[in-house]
Amino acid sequence: MNAHIPEIDCDGWWEQGWLGRQAMSPLRLQFFDGSVRGSGADMIGTFTLQGELTTDGEVTLRKRYLRKHEVAYWGRYDGEGCLHGEWSVGGMRGPWMITLRRVAGHESMDIRALD
Numbered sequence: 477m478n479a480h481i482p483e484i485d486c487d488g489w490w491e492q493g494w495l496g497r498q499a500m501s502p503l504r505l506q507f508f509d510g511s512v513r514g515s516g517a518d519m520i521g522t523f524t525l526q527g528e529l530t531t532d533g534e535v536t537l538r539k540r541y542l543r544k545h546e547v548a549y550w551g552r553y554d555g556e557g558c559l560h561g562e563w564s565v566g567g568m569r570g571p572w573m574i575t576l577r578r579v580a581g582h583e584s585m586d587i588r589a590l591d
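Heads up: the sequence shown runs through residues 477 to 591, numbered per this note's numbering.
There could be a bad hint or two in this list.
[To be verified] Using C-beta positions, here's what the derived DEER-type ranges look like:
id: 1; residue 1: I481; residue 2: G566; range: 30 to 38 Å
id: 2; residue 1: W494; residue 2: T530; range: 29 to 37 Å
id: 3; residue 1: E546; residue 2: E491; range: 13 to 21 Å
id: 4; residue 1: E556; residue 2: T536; range: 16 to 24 Å
No lab work stands behind these hints: they were computed from the structure. For each residue, glycine too, the CB sits at the ideal point set by N, CA and C.
Please take these sequences and the hints and turn them into a complete structure.
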């Protein structure tokens, strides 16, 4: 991640049939000029995220697990701090959601202050 772009602490999850809803925590994202980058961990392992957020709110992300597989994420940004959509790997798929909380290191800063 780029040290000059603020990191945003996020809450996130993905869901898969028999596993149910699985948290992505910790999870941090950076947004710059249409690109999205981030990192986190979940029950599978440590991962990075890289993708795009278009001006009309479409989101595409590639989740790469360290020394493991990749997962495609696509969906929408609702304009109020929530990214959501569907993930896919192989023949499996399911819903996901990421909620933007605050700029990392600024406990009281509202995420809307980035606008």
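Requested in this report: Mind checking the hinted window 30 to 38 Å against the Cβ distance between I481 and G566?
Outcome: Cβ of I481 to Cβ of G566: about 33 Å, so the range 30 to 38 Å holds.
Query raised in the report: Is 13 to 21 Å a correct range for the gap between the Cβ atoms of E546 and E491?
Result: holds (18 Å)
Query raised in the report: In this structure, is the beta-carbon distance linking W494 and T530 contained in 29 to 37 Å?
Result: holds (33 Å)
Report task. Indicate whether the distance between the beta carbons of E556 and T536 respects the range 16 to 24 Å. Result -> Since E556 and T536 have Cβ atoms about 20 Å apart, the given range 16 to 24 Å holds.
Comparing the model with each earlier hint shows no violations; every hint is respected.
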